[in-house]
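> Here's the letter readout for the chains.
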Amino acid sequence: MKKFLILLLLIVSNTYAQEKFTITGVVKDAGSGETLIGVSIIEKSSSQGTVTNEYGFYSFTLPKGEHTIDISYLGYNNFTKKINLTKNTTLNIDLKENLESLDEVVISTYTEKVSIKKAEMSVNKMKVQTVKQIPAVLGEVDVIKSITTLPGVTTAGEGQSGFNVRGGAADQNLVLLDEATIYNTSHLFGLFSVINADAIKDLKLYKGGVPAKFGGRISSVLDIHQKDGNKYDFHGNGGIGLISSRLTLEGPIVKKKASFFLSGRRSYADLFIPLAMPDTDNTAYFYDLNTKINWEIDNHNKLYLSGYFGRDVFSFAESFINTYGNAVGNLRWNHVFNSQLFSNLSLIYSNYYYGLELDFVGFKWNSGLQNLNLQYDFTKYYNDNVSVNFGINSTFHQFNPGKIEPNNEDSGIIEDQLSKKHAIESGLYIDVEQKISDRIDLRYGLRLSAFARMGEKEKYIYNENGPVLYDEDLKIYEKATPIDTVAINVSKIQKTFLNLEPRFSIAYALTDDSSIKGSYQRMAQYLHLISNTQSPSPLDIWTPSGDYIKPQISDQIAVGYNKDFNGKYSLTAEVFGKTVQNRLDYVDGADLIAQEAIETVLLSGKARAYGLELMFKKELGKFNGWISYTLSKSEQKTAGRTPTEIGINNGNWYNTGYDKTHDVTILANYKASKRWNFNSNFTLQTGQPVTYPTGNYSYRGVSVPNYGKRNTFRLPAYHRLDVAATYKPKRYQNKKFKGEWVFSVYNIYNRQNWSSVLFGQDVETGQNKTERLSIFGVLPSITFNFKF
Amino acid sequence: MKKYIYLLVALFSLISCVDEVTIDELNKVETRLVIEAHMDIDKNNGAPTTTQTIKLTNTSSFYNQNYPTVSGATISMTNQTNTSVATFTETTEAGIYEATDFVTPSIGDIYTLTITVNGEVYTAQDTYTSIIDINEITQETVTLTEEVIQVNINIDNQIGVDNYYLFQVETPYRNIPEYGNLDDKLISEKPGENNYDFVILDDELKKDMDIDITIYGISNQYNNYLSKLLALAQESGGPFATAPATIRGNILNTTNQDNYALGFFSLNQFVKKTYKIK
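Protein sequences appear in the order of chains A and B.
Its first residue numbered 1, the first sequence is counted upward by one per residue in my numbering.
Its first residue numbered 1, the second sequence is counted upward by one per residue in my numbering.
Looking at chain A on its own, in the form it has when it is part of the complex:
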C-alpha cells in the first residue's frame, strides 16, 4: 500500500511542469477568529474554485500572473482580492459576518455553483443558526432531531433514540463530535439529544458518497464540529428554557493565539417528577459539558484539545438509581508541512457508561465501552485540479457487556462480570478529488479496513451446530449451551476481518448551474448494537464482530440531479439503492437484556433499501426554508441456515421497524422585521411498521395475544406542525448585551400521534384492551437567550 501511495505521488507530481504557484491560508470570522468550514474560494476569470476544509484551511494552485480571488460564504460579506502571483503566497482571510444576510441582498452564487460541480453528493450541511431556527420540543434546540427535516432521514417514532438514514438502522450511523465517536445520542431515553447546540459550529451529514476517510458504520456519517472559542474578546451566551439552562463562555487565553471555549447545559432536577410527591427524594436530569482549547502556535502548527461529558441521572428515593452517558476527549495537532500538504494528527478517547442500581432487588449493574483511537490524516493539494487525502487510523476497543454486583451485604446477588471483549479496528485510506475538465469532477478512493477481535477471559465454544440451536420438530430457535469455555489472552488475535471498501463519485455539469451526479460506495461495520425493542435503549450493548458475528457490509449506489436557480433556489433529486450483508436480527422471543451470550439469540440475514429523495431549498431572502420529500422502502430478510429451517418471519422479506414509505417536511422561516422572526416546521410521514396480534387465547387464567408476522401492520400516519417566533426587544440590543425571546408551540394542532400500542388485559374485568401511547401533544414553550 505504501509503495502504491508513493508511486501515485510521483506520477501526479510529474504532471505539472509549467510555472504555477500556490495560495494557501485559513479563513476566519473577523469578529471571533473562529475558523470557517466550507468557504468558497474562486478565481474569477476561470471560475475555478476550492473550499476550506474542516479546519478552515485551503490551498489553491494557479498559474503565475494576475488573478482576482473571490471569497464567499453564506451569511458573510463577500471578499475580493486582486493578487499578482509570483511566488507561493499565504493569504489568511478574515470574513465579516453580514448581519443583514437574511435580507434580499445579492449574495454571491458561487457557493452553490461550486457544490453543483463538485463530485460530492448525498451530503447535507447545516449551520448551527439553521438548527436553532427549527422549532423544538419545549424550546430545547435539538441537533440530532434537526437532521430529520432532511430528505432520507427519519426517526422510528417520536421520543425514540437515534435516527435512520436511507432505511438504515440507528446503530449504522457514525456520529462524530470533533472526530470522536458518540455512542448514544439521546438524553432521557430519546426525548432529547446529547449535543448542546451552543457548542457547535456546523454539521455535515453524509448519506452516501462517503469519503474513504470515514469507515466503521454503513449508513451515514454525521460530522459535527465544535466551536473553537473567540480569539479576540471574552464573550458569553446562554439561555433559560423550560427544560434546561445553558451557559457558554469563550475568550482568548493569549490574544489571537490561543482561546478557550466552555459550554454547559443542565436540565432541571425535578424534570418530569410530579409535584405530588414532595416528600420523596426523586430526581431525573441530564447535563452536558463541552469544552475546547485551541492554540495557534504559528502559521503551520495548531493544537486543539476538546472534550465532551454528558450524563443522564435518574434516582427514585435511592432505591432505583440509573446513570448513563458519553465522555470523549480529543487532542489534535494540525500541521502544515508546506503550502500543499496539510496534516492532522488526533488522539481520541471515547467512553460510554451505563449504570443501574436497584436497591429493592439488591444489585448494581454496569456496562459500557471505551476506546482509544490514533489517527493521522493528510491532504495533498497538487494543483487546482487534484488533491489527495490519505491517512491511517487505529482504535483499541474494550467492551464491558455487564457486571452485576450486590449493593449491600444482605443482598443475595452473586457478583458476576460478563467476559469483557476487546478488538482493534484499523483503517488505511486514499481519497482523490480530481477535476477532469470544466464539466467532469471525480472523487475516488479506497479504504482498507481491518478488524482484529482480541482475546477474552471466557470465550464460549459451541458444538458444530453453533450458538443457535434449531428444533426441527417444533420449528423454534433455542439458545445452545456452550460445550466449553476457554480463556484467550487479550493480546492474542482470535479472529481477523479485512475489507476493501471502494468509494467513487462523479459529477457531470450539464450547464453552469445544473449537474448530474453518481456514486458507489462499499462500507463495512464491525460493531453492532443489537436491540430488540422498537428503538435502541441505553441498556443496549455494542457487540464486536468475531467468530459468531460477522461484520455488516453495505453497497450503495446513488444518482442525482442538481439545479441552481440564480442562486435563489436549489433543487436536488436523488435515487439510491443499497444492500446490506450480515444484518443481524434476533430470533422470536429473544431476551437481549443482560444476555451473556448474545450470539445464541441472533441470526444473520440481509437488508435492502431503496428510494427517491427530493429537496427544494430557498436559502436566501426574508422568506426562506425548504421542502423535502422521501419515497423509500427498507426491508430485511433472515432465511434459515439450512433449507429445513424457517428463519425469521418464515424466511420472507419484512419491513424494518423504521421503514417509512412517505416522509415530507416543510420548513419555513420568515424574517418579518429586525425584531421579529417566525419559523415553522410541518412533518407528515407514513406510520411506523408494527406487529399486531392475529389472535388471542387464554393460558393459566391470563389472556395471551398471538402475534403474526413481523412488522406487517402500520400505525396511523404521523404528522404535526410546529411554530416559533423570536422577538428581539430593542432595549436588549446594545453592544454589551443582546437578548431575545423565543416563543414556540410544538404540535400546534395537538395531533395525538401514535407512538406505540399497548396490548393488555384489564385486571379488574379481565377484558382485553388496546391503548395508544402518544408522547408529545401540544407543547407551548418560552425561552430567553442572551449574548454578552
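The hints are simulated quantities; they were obtained by calculation from the structure and are not laboratory data.
Each hint should be verified, as a subset may be incorrect.
Said to hold, decoys possible - Derived, one-sided and incomplete: chain A residues facing chain B with beta-carbon distance under 8 angstroms:
no. : residue
1   : Ile414
2   : Ile476
3   : Gly589
4   : Thr691
5   : Thr694
6   : Asn696
7   : Tyr699
8   : Arg700
9   : Val702
10  : Ser703
11  : Asn706
12  : Phe713
13  : Gly739
14  : Glu764
15  : Glu771
Claimed, not checked - Simulated coverage check for chain A against chain B, where a stretch passes if three residues somewhere in it have a Cβ under 8 angstroms from a Cβ of chain B:
no. : region
16  : 567-577
17  : 748-759
This structure is a prediction, so every number in the text was calculated from the model and none was measured.
The C-beta atom is built at its ideal place from N, Cα and C for all residues, glycine as well.
Following the hints, position chain B against chain A.
Structure of chain B alone, referenced to chain A:
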C-alpha cells in the same frame, strides 16, 4: 428488570398520554388450536391428586375472549415405560377434558401427552419437577415513588440442581392472577447462602387483604416458554417492550407440522399459602 421498564413508562407517561383505542385490524383472527395442559400437583395435600383437566380451544380475535371450544378429542398420557397414567374424557362442558384416575407422577420422570383431534395427532413431553417449601412470609414498607407494601416470601434455593420457579399471586383487586418466573443462575446454591426472599411489590396491597401465593417447580423448557409468554401476556407493546412474536410451546403436530398448536404440556409440583396483609 420489569420494574425498571415500568418506571421508564411512568417517566414517559408524565409527558405522554395513554388513551384506550379500538384497532379494527385486530378483529380478524388466524385460527389455531390451543392446548392448555398443566398437571399441577399440590405437594402438601394429604391425599394424592387424582383429578386433572386439559382444555382445548381455538384462538379468537384479540377483543373477543369467548374462545371457541374444541370437542371430540382423544387424549392419553403415559409414563417412561409407556404405561397410561391418566384417561381423559370430555366433560359436559365442551372442550374441557378430565381424568379422575390420575396417578401421582415421579419426580424427574418424563411423561408423554398424546392428543388426537380433527384427524391430526399432537404429542408433547415434559419432566415432572419438584418444589421446595416456603419458609415464611413477612412484610415491610418501602418507599419508591410512594410508600408501598412489600411482601417477602422466604425460601431456601435447592442445592445441587438447576431450579426454575413459577410464582403465582392472586389478589382481591385483580380478577386475573399475576405471574413471574425465574431461574437460579444468579442466586447461590452454597449451603448457608442459599436463603432468599422473593418479593411482591404492589401499590394496591392494603391491610387485611388476603393474597394467595403459589410456587410451582417447573422444567427448564417450561421456564423458557413462560419467559416469552409472560412477557407478552402481562402488558405488551410500548416503547421498551420486546418485539412480539408467536410463542411456540412443546406441542408437536406429528401429522402436519405446519398446523402447529399453541399451549404447553407440563407437570409441576406446587406449594400454596394464603397471607393476610398486616
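> Now tell me, hint by hint, if it's right for this structure.
Checked hints:
1. Ile414: holds (6 angstroms)
2. Ile476: holds (5 angstroms)
3. Gly589: holds (4 angstroms)
4. Thr691: holds (5 angstroms)
5. Thr694: Where the cut-off is 8 angstroms and the nearest Cβ of chain B is about 4 angstroms from Thr694 of chain A, the hint holds.
6. Asn696: Given a least distance of 5 angstroms, the restraint on Asn696 of chain A holds.
7. Tyr699: holds (6 angstroms)
8. Arg700: Given a least distance of 7 angstroms, the restraint on Arg700 of chain A holds.
9. Val702: holds (5 angstroms)
10. Ser703: Hint on Ser703 of chain A: holds, closest Cβ of chain B at ~6 angstroms, below 8 angstroms.
11. Asn706: holds (6 angstroms)
12. Phe713: holds (6 angstroms)
13. Gly739: Nearest chain B Cβ about 28 angstroms off; hint violated.
14. Glu764: holds (6 angstroms)
15. Glu771: Since chain B brings a Cβ to about 5 angstroms from Glu771 of chain A, closer than 8 angstroms, the hint holds.
16. 567-577: violated (count 0)
17. 748-759: holds (count 6)
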